[in-house]
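Asker: Take a look at the letters that make up each chain.
2 protein chains.
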Amino acid sequence: MSRVYNFSAGPAMLPESVLLRARDEMLDWQGSGMCVAEMSHRGKEFMAIAAKAEADLRELLGVPANYKVLFLQGGASTQFAMVPMNLLRGAEGADYLNTGSWSKKAIAEARRYGRVNVAATTEDEHFTRAPKQSELKLKSAAAYLHYTPNETIEGVEFPYVPDCGGTPLVADMSSTLLSRPIDVSRFGVIYAGAQKNIGPAGLTIVIVREDLIGQPLAGTPTMLDYKIQADNDSMYNTPPTYAWYLAGLVFQWVKDLGGLDAMAVINQRKAQMLYGVIDASGFYTNPVAPDARSWMNVPFTLPTPDLDDPFLKGAKAAGLTTLKGHRSVGGMRASIYNAMPEAGVQALVAYMAEFERTHG
Amino acid sequence: MSRVYNFSAGPAMLPESVLLRARDEMLDWQGSGMCVAEMSHRGKEFMAIAAKAEADLRELLGVPANYKVLFLQGGASTQFAMVPMNLLRGAEGADYLNTGSWSKKAIAEARRYGRVNVAATTEDEHFTRAPKQSELKLKSAAAYLHYTPNETIEGVEFPYVPDCGGTPLVADMSSTLLSRPIDVSRFGVIYAGAQKNIGPAGLTIVIVREDLIGQPLAGTPTMLDYKIQADNDSMYNTPPTYAWYLAGLVFQWVKDLGGLDAMAVINQRKAQMLYGVIDASGFYTNPVAPDARSWMNVPFTLPTPDLDDPFLKGAKAAGLTTLKGHRSVGGMRASIYNAMPEAGVQALVAYMAEFERTHG
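Top to bottom, those sequences are chains A and B.
Under UniProt numbering, the first residue of the first sequence is numbered 1, with each subsequent residue one higher.
Under UniProt numbering, the first residue of the second sequence is numbered 1, with each subsequent residue one higher.
Just so you know, these hints were derived from the structure itself, not from any lab.
Be a bit skeptical, because a hint or two may be false.
The list treats identical chains as interchangeable, and a pair is accepted whether it falls inside one copy or across any two copies.
Pairs of lysine-lysine, BS3-like flavour, derived with a Cα cap of 30 Å [claimed, not checked]:
1) 105 with 44
2) 52 with 316
3) 68 with 105
4) 255 with 313
Every value quoted in this text rests on a predicted model; they were computed, and no experiment measured them.
Just chain A, same shape as in the assembly (with noise of 0.2 Å):
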């Protein structure tokens, strides 16, 4: 077996020290005699299993007491929608930050609810930078502002926090819970699909504050009311056991690296070695603002187009998979989440080097 380092945006890297307790667990979970995925999620086997991820994720991110961590399904294009379904009450709109793809979807979701104010936009800009908060058009009506710390396809993220005063703050943060540090006590709510920092697709994680729940519109579906999902602790159906074990094997990962803190120096480090190689190289190209570039998803461009497939084959003939850029922006994208070992971005840059010489 030869593990490959695989740089796709998510579905993405797994930390191989989970894969291979999850292969451990796989037919006898601490001896039940029971695989996780085959528990009844009323059992006290998997409500250990469960509450002990919560509690973890809890500690990691410093989460206030005041707000509720959901286990859901339907990853963030639900949120999208469970946003002003459940935020809106009676509000007219939302302020909504457009800087990327993903920001798009979710602006687009929103207007089917309610009145989106586009507080700033970038996208003239072909989404290179994030806008300055003296740049934010807020309204004082707004039921909440959204935003995307980090768009994925772009490789955009916000150096700051947004302030909106009181209004409420929802964060998209699929791409970049649990790559660092965050205040959580500044968000009205956070979400995130679990399959780039988290664990596998099918999970997506809310962390909400308790006086935002309840008061959804009318017509919002009972499995989309934070509500409902809150007062039976993600249980109001059965929810997706197997990723939620994952993702409490991945919490533990990040708790026995030191935590958001260590996790943080870590992609830093990861982060600035590959955009300093793409920086010194004159022969790749990053279009984004220094102070906006993503630590988790590296777009970078090569001279000319044609030199992409040869790129991508003596790439994955390194064993270093899955770096064609999205459609949408062109060239490659290299994502560095938690999962992917600094030896990973190591050999990315050694490659690059090495192309460079030989095509450059």
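For chain A, the structure is supplied; the task is to place chain B on it using the hints.
Answerer: For chain B alone, kept in the frame of chain A given last:
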């Protein structure tokens, strides 16, 4: 390691050969150097896994070409909303059969979107039988007829497929799909949470006739629109890839056993063995009319509730777990889905006979 016979109503046992294969492929799926959970859902490896799973399911069930097969999230409880949101299409309401706890939940959710005509109910009889075709008071203007072929909690199943003329028939087959052959062409929509006969929790199979797709109610979340999911081959956003893969392994396992005809023979044999012991005992009781007894979920009571704890304790010691009945019914429930080996049912009936001998 000692595997148990786990009679959970779901999540439930998975075939041991499926778990062994998943274990062996955990760090490296077929030389890819990746766990399936790490693969991009757009990559050629996962696209092949997904396509094979769908093809195998279509083959097993004989799904006609004019039906879409969707691999979604959210469980049957999400379908309780998706069905009316997608199928009402301007009709005043729909017909529902009320034959157990899950029917009731489906009805309650549908009432939020339109008028529900309860075309038959057995609630007065504690859901211990299926209504006859002649009892169904169907409305000609109904958008569809919804029923629950197998009620997981009460252990009651329809011995026939209702005839509703040209009205689309919608079935929550969560606890019965894949247990035997069905004629898909008689249905408009079939849906099933995976965690009984199909795979892990977190995956929902929806089989929908193409002419019923489109025209959702205003305000239907994009993710809950069958058309969006169908047009995007269940990849409008990231699907639950690992659950999809495990379901594919289960489909292959059913094919290897001889398909649904063979599965039905085994399942009927298991059910008859268990009901036979109950009926012959004078100690154990099952309240369901013989023609409507579930092959999948077998509830039974002991002469007095005082015996429940000793029964469960002894069963657990014998490696027979999760036999406690649902709180709304009491007593015991043995769920004997596809992956419960005949040896498991044999062990259960042997234990029951011994318990009766020592406590009768």
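Asker: Mind listing which of the numbered hints don't hold for this structure, in increasing order?
Answerer: 4
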